[in-house]
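**Q** First to last, the protein sequences are chains A and B. The numbering used here applies: residue 85 is where the first sequence begins, and numbers increase by one. The numbering used here applies: residue 50 is where the second sequence begins, and numbers increase by one.
Just so you know, these hints were derived from the structure itself, not from any lab. All values derive from a computational prediction rather than experimental measurement. Hints should not be assumed to be uniformly reliable.
Derived contacts from chain A toward chain B, CB cut-off under 8 Å, selection only [as the list claims (entries may be wrong)]: (1) Glu216; (2) Leu220; (3) Ala223; (4) Pro232; (5) Leu235; (6) Thr246; (7) Leu247; (8) Tyr260; (9) Leu287.
Which chain B residues stay away from chain A? Per the calculated CB distances, all over 12 Å, these [said to hold, decoys possible]: (10) Leu66; (11) Leu72; (12) Ala76; (13) Ala82; (14) Leu89; (15) Ala112; (16) Ala115; (17) Arg134; (18) Ile160.
Note that beta-carbon positions come from the ideal geometry of N, C-alpha and C, so glycine has one too.
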Amino acid sequence: MELAGILIIPLLASAFSLLPAGQRFAAPVTVIASAIVLCLAIVIAAEAAQTGHVAASGEWLTCDGLGALVLLLVAFVGFTAALFSWGYIAERVKHGRRKSTRLYYGLYNLFVLSMLAVPLLANVALMWIAVELTTLLSAFLVGFEDTPEALEAAWKYVVLTTLGAVLALLGFLILYWGSRIAGLEPFTWVGLVEAAPRMPPALLWPAFLFILVGFGTKVGFVPMHTWLPDAHSQAPASICALLSGVETTTVLYVILRLFPVVGGAAGLDARPWFIGFGLLSVAIATLLFIHVRDFKRLFAFSTVEHMGIILVAAGLGGAEAHLGAAYQMTGHAIAKSFCFFAAGVTVLGLGTQEISAVRGLVRSSPVAAIALLAGGFAIAGAPPFAVFVSELVIFKAGLASGQYLVIAVLAVLVVIAFCAVMFHINRMIFGVADQQMRAASIPLSCKATLAIAAIPLVIIGIYIPTPLYGLLKAAASAMGG
Amino acid sequence: MSGSPVLFAFDALTGALFLLTALGVVATRQVLASLQLFILQSLLLSFSAVLLGIAQNSIHLFAVAAITIATKTLLIPWLLRRTVREEVYGTREVERVLNIPSSLLIAAILIVLAYVVANPLLGIVAMPFVQINLPLGIAAMFLGGFTIAVRREAVPQLLGLLAVENGVFFAGVAIVPNLPVIAELAAAVDVPVITLVVGLLTRRIHARLGTTAVGQLASLREE
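The shape of chain B in the complex, shown without the other chains (with noise of 0.2 Å):
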């Protein structure tokens, strides 16, 4: 049950190149180069799926790692490249509230703080994955939320939004292999309606606004 050491070796480096992306999107200063990382982060979580399937012999993990390369790595970039082009392919930087260096030091903290989240779950049972995909996620949906947080344009905030639900799905692949089929069918419909959602909204603000900074939307708040 519990796999062989090779396979727990490759997820653990598999989890600490998953941080890197979600780091890396917190990071970057362009939208296409976010993008990339988001597939790059999508394919990482999809091969930790298949390790920790082949490692519990779970047919359930095998169809997540199939999900989520069709709607992550293909459907959202297809999607974002209909609703949104021009906001994906600009080669101007994003707008963001902190500077680099001091989002890079929030996030280090914020990793830190997801292992003291994960720490207590860590010791229920014996499961090896666990200890590597539980505390990596929980870390990949904070600096999501924080990506989110500090990017003031729409596409941005969008796929720090999908970087959260990356980082749930990396801790939920270790945590319950097998899932009902339906509950992941569900999701694989839901990721895409999130994006389509999102992206006609972001091209119905452009053509209202003229601008996607949704940062800069501040008429709406008390004295």
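Okay, chain A solo, but in the shape it has when bound (with noise of 0.2 Å):
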């Protein structure tokens, strides 16, 4: 019943949204609403925690662990960004675009219906259909801003995301194939795993191939990456958000469900592959930071290398590892989206993304450098956060398991990430300004969700409470254990 409403409550939200009677009204029933999903998200993760899996509606609706993790980061994710759009989108279409707004919170809706669907369908093909849906009905919030940069990302993201996706479907439709011969009747991930052994590996292939790297385009794995920064930074700060906390994140979770069933092939491997996109995801989104000029571009880079480093966490194997991957993507989508909304207090305050116009924040607009300091903090990996946390428990994990280079190599990287992060964060909150800036107030709204958005940011660090650890370990043998 829950999985249903979770559904439901969304279309009900963009349909009003979308009402010329209901302009007035969209952004806080789009708040109210995303409350809803996200109280129904915590009982489902809750019972998900308890029993690793959510008894379905019918046939169509699942969920288990990992599935309800997402559901839940979505939904979180979903709630905060709602309630930041409310004074955020007011602020930016101050001139007249009254229509754009309606539009802005029926589109909205939408999105987060998608991704929220995405862990929830149990049927794989229709899966697929969530996932590119994600793409098209987010592809005009990219482009709301109206500017040529961001009609340029907005293009970017549709082309090589729906061209990935496209890709995949010709994966998903050999892994149907493979299905068939192993006489499997109802396509669902359960099926799947269980199916594997009896599966062709030379089907099981590249079907796995053309699903990583088709759906590694939208997650934004190197070298496929290109568009991501572009529609990350040039989206409004909302969107963003919900774009690099966890529409990656959703993605990157159906490659994750891909490790078991690979896993369960005779013969195959998958590691190898999740360990070399992960490392080179993570070594050039750790290049490309040292020139950065945008500091949502930075933030943008930055979720490449977060997506590289649950990757290789992935690719390592054992359940140390996966509940290790799994926190780490609850503390990216939370610190994530954090930091965006800090970027975007920032954009409104000051009325620029450039790196060098910003430079003693600190002063100018200590909300504003505050909630950027400790977002940059949060997301670079300095304890006490929960990124700090998970990347050591996927250190240890890795060592324990004997493959040294691997986290060698990752961890310098990491360190180096760690360093040009705060190198250009701490340049722009107490770097000295030529002339003084003076910072336009913020929104009430936009306080308002930094101060909720923080409570998680601060305490998964330092406590993780016992369902939410539940949760991660039920995530994590989903994984595969």
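Combine both chains into one complex, guided by the hints.
**A** Now the structure itself:
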């Protein structure tokens, strides 16, 4: 029942937002709807944490530990980003474009809906459609600012990620072919894991590669990442939080689902590919950090880095490493969305995204400065934030299983990335300004968002509540343990 | 199950023409010609689906054929006319990165590559139609991707994207003749939505920039 509710509520909110009469209430309705979705997601996640599996409504919807974790993260960022949009979008569309506000919330709800559907849909073919819709529904949100740069970003985003999704479609068709040969009737993830040993490896392997490269484009793995820094820097900050924080995670979830499927077949090993793509992504993102000029792009590259780390963690194998991967997904989604909210209030205050144009932020806008500093530390992986702990868990798991070289390379890259991120942020916040900047005031809803989003940001690095730990465990075991 | 030799021969002919249309999309200079080739390619895809449907007694494949005709030969051209009329019917040449002879040379290499990729899959089951549709579908997919890479304008890039889709389905009708209907319906919704989104985006880019030469958009990059 909750599973169906989660999908129906955003649909209603979207329909309401698009009504001409609803334009004044589109923002509050979206906030309330996403708050209800978050509550339902918490209920589902709590159940999944205890039982490892939530009973399906019919045979269409289902949710296990990994699905519930992704669902919870999407619902959380969906709620905070909706609250942030309230003040942010009103500020950005001051001059008349009322219709575009309606369109924004209409598409916003549908975009969140498509991401919520990915971990819930039992049928793999339908799940592919949901992933594809996340791109198509967010295309106009990426181009929302209507500047040439935003439209360029939206164009690259749609063409490249759709191309990737079509490539992945061929992979899923081959997977379906294999599952028919193995005598599997409903085309579900559970069924695939079970049927994998009976599938011809010659089918499973190309299917895996097509999906890894195709959906890897949408996650932003190097070398298919070229669209990501554009889209994730040109969209409105609330949309960036969704794109970077959870859309990437949602698609990565699909790739992680393949891990136990491929692992079940004799003679196939996905791990070198996971580690290879992962390390390459971390390495290139780290290099790109150094001469980045736009602070939203800085956070976008950091997303490429984190997706790489999670992929490496999944590729290391073993329950500990997978626990680290699940923890890293959680830490990243929370910290990255917070970073984009902080970047959003900085943009609102100063009207620029240039790193070199922002100096001495701590004097001109203390709220933005503190948020940016906290977000920067959290995403770069400083203690006591969650990313620091999850990276330690991953390193420890890798060392325990004897994969010293991978861990050594990863650790060096992570340290360089940390220094690069903090170098830029430090200059923005504490640098000496040529002239004293005057920052515009920050809307109330944006401040409230920062306050709410800061709660899990601070807490989960120090203390993981028992139900959340259970959920992470369940997610790790769904990845194949 | 495996069908008569006549159907097989017809499917081989359809596959050859299908590949030719994909090559045509790479080589044509004008947008309207690309669109017409795409429509022809979609018709060939549905013809192949009908042939396989007869051979394998699969009602699903008739549905695929009907959906393909409805969306790709009727709905998509109509949508493009509605959203980006002047782009489609303008009689100018599309700017491209490579000249046609070198494009065709690379296209030939891509076709060979498609056979290399498909080859390990062909020996798994004795399904004769897979021998035709899978490598040719993958080849058409690669050629569509190549079209996106060499074209500098919005509508030709979209047609390349849709050609990739056609390639996937051309392979798909042979390897999964009994895909659930729900997936077909969803695909039927998906393709027009791609067209609509890309078409509207093109219109906005045109209105904002006065051009749709998306290949020249390069303000977003690192030093």
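**Q** For the restraint on A:Leu220, tell me whether the closest CB of chain B is nearer than 8 Å.
**A** holds (5 Å)
**Q** Are A:Leu235 and chain B close enough, Cβ to Cβ, to be under 8 Å, as the hint says?
**A** holds (5 Å)
**Q** Tell me if A:Thr246 is really an interface residue toward chain B, meaning its C-beta lies closer than 8 Å to one of theirs.
**A** holds (6 Å)
**Q** Please confirm whether B:Ala115 is truly not at the interface, meaning its C-beta sits more than 12 Å away from all C-beta atoms of chain A.
**A** holds (19 Å)
**Q** Is the nearest CB of chain A more than 12 Å from the CB of B:Leu89?
**A** holds (20 Å)
**Q** With a cut-off of 8 Å on the beta carbons, see whether A:Glu216 makes it to chain B.
**A** Cβ of A:Glu216 sits 6 Å from chain B, so the hint holds.
**Q** Under 8 Å, Cβ to Cβ, is where A:Pro232 needs to be relative to chain B, so tell me if that hint holds or is violated.
**A** Since chain B brings a Cβ to about 6 Å from A:Pro232, closer than 8 Å, the hint holds.
**Q** Given A:Leu287 as an interface hint, is the shortest Cβ-Cβ distance to chain B below 8 Å?
**A** Check passed: Cβ of A:Leu287 comes within 6 Å of chain B, closer than 8 Å.
**Q** How about A:Ala223: closest beta carbon in chain B under 8 Å, or not?
**A** holds (5 Å)
**Q** Is the hint on A:Tyr260 kept, meaning its closest Cβ partner in chain B is under 8 Å away?
**A** holds (5 Å)
**Q** Checking the smallest CB distance to chain A, is B:Ala76 really beyond 12 Å?
**A** holds (20 Å)
**Q** Are all beta-carbon distances from B:Ile160 to chain A longer than 12 Å?
**A** Per Cβ check, B:Ile160 is outside 12 Å of chain A; nearest 16 Å; holds.
Checked against the numbered hints given earlier, the structure satisfies every one of them.
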